[in-house]
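Trainee: Protein chains in written order, with our numbering: chain A, 358 to 540; chain B, 358 to 540.
Everything labelled a hint here was simulated from the structure, so no lab data went into it.
All the given hints hold, so there is nothing to weed out.
List of simulated lysine to aspartate or glutamate pairs, EDC-like, C-alpha gap at most 20 Å:
#1 B/K502 x A/E467
#2 B/K502 x A/D485
#3 B/K387 x A/D465
#4 B/K502 x A/D465
#5 A/K387 x B/D465
#6 A/K502 x B/D425
#7 A/K502 x B/E495
#8 B/K502 x A/D425
#9 A/K502 x B/D465
#10 B/K502 x A/E487
#11 A/K502 x B/E467
#12 B/K502 x B/E487
Listed below, chain by chain, are the residues.
There are 2 protein chains.
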Amino acid sequence: MGEPARELAGLEYQGDAIRFAHRIHALIPKCPLLENFSHGEVRLLAQFMEVYRAEAGVELIREGDGGDFMMMIIEGRVDVNKRDRWNTPQLIAQVEAGRTLGEMSMIDGEPRFATCVALEPTLVGVLDRENLARIIVEQPLLGAKLLMELVLMLSQRLRATSDRLLDLMDAQSQGSGGLLPEP
Amino acid sequence: MGEPARELAGLEYQGDAIRFAHRIHALIPKCPLLENFSHGEVRLLAQFMEVYRAEAGVELIREGDGGDFMMMIIEGRVDVNKRDRWNTPQLIAQVEAGRTLGEMSMIDGEPRFATCVALEPTLVGVLDRENLARIIVEQPLLGAKLLMELVLMLSQRLRATSDRLLDLMDAQSQGSGGLLPEP
Chain A
358 MGEPARELAG
368 LEYQGDAIRF
378 AHRIHALIPK
388 CPLLENFSHG
398 EVRLLAQFME
408 VYRAEAGVEL
418 IREGDGGDFM
428 MMIIEGRVDV
438 NKRDRWNTPQ
448 LIAQVEAGRT
458 LGEMSMIDGE
468 PRFATCVALE
478 PTLVGVLDRE
488 NLARIIVEQP
498 LLGAKLLMEL
508 VLMLSQRLRA
518 TSDRLLDLMD
528 AQSQGSGGLL
538 PEP
Chain B
358 MGEPARELAG
368 LEYQGDAIRF
378 AHRIHALIPK
388 CPLLENFSHG
398 EVRLLAQFME
408 VYRAEAGVEL
418 IREGDGGDFM
428 MMIIEGRVDV
438 NKRDRWNTPQ
448 LIAQVEAGRT
458 LGEMSMIDGE
468 PRFATCVALE
478 PTLVGVLDRE
488 NLARIIVEQP
498 LLGAKLLMEL
508 VLMLSQRLRA
518 TSDRLLDLMD
528 AQSQGSGGLL
538 PEP
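Use the sequences and the hints to build the structure in full.
Mentor: Below, the structure is given as structure tokens:
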């Protein structure tokens, strides 16, 4: 590839991810998305990703923005904030190397759900929708594996989030009155 | 196929889904999973699915059970119930033809999240994990499309559920104290 697919404001382009394949492979134990990937598959995937570097304090993703890519944290630490009803950012998670960010927007094209800020110098691998589509056409089995892992990850998050929601609704004794958006 | 892949207690095996392909195709406008499928793709998919019929009152899926298949409602209406902390079933949704049930367990193999009961005579198409795996190997592009739609569906449900959860947490002024299970 050689050319960055996009300008990411405030981020420094580091080239395509092939050079980082061994570091991405080393993330596997802490990376739900890659947990069933072989070294060869990581190398293949890396050919479709680009790497960027962010200094501490830089926004990687901003809530409400458009954006058709996801990021995998290769190194560093990231705060995830979402604005509450009073428009005040609230910390909803703090994540580290191995975590992926922004998968939902990569897939559904909806605005970003939360803002992700680097807490220290952070390296991220970027995969955008166009390259995901290329993987599916050019490397269908790798594409299916990646999509399967995405489905698995989202399914587990949805279970956990739905459990939390139902617990809170129970606590408020709203049980029978509160249908889930989608069960 | 000709032989049912499994006995589903209380359900009546109707054969493989090819015979129902035109009815499944007619579901597309109300079926998020199939929204981008052509008639040919629906026919192809139907070769990997089986159809069952349930009388009113029959449980299609029981909360807590194992089960590696999803169901697509071809005809009928289904209540979705989940037990609250006092073990009392609470209605969390009522769904109709076009809706899919049980995708999460098909993918992650975890116990069923909720109980699904037919409210009237109901026809369902069943896709299990083994046949999903066969689709991916034998029809990789169809497999990728199906997985992509699953990711999209789960992503939209996760957004909606997370929004509801954050709203409730806001309402309880737990904002900054409540990290989401996964953002």
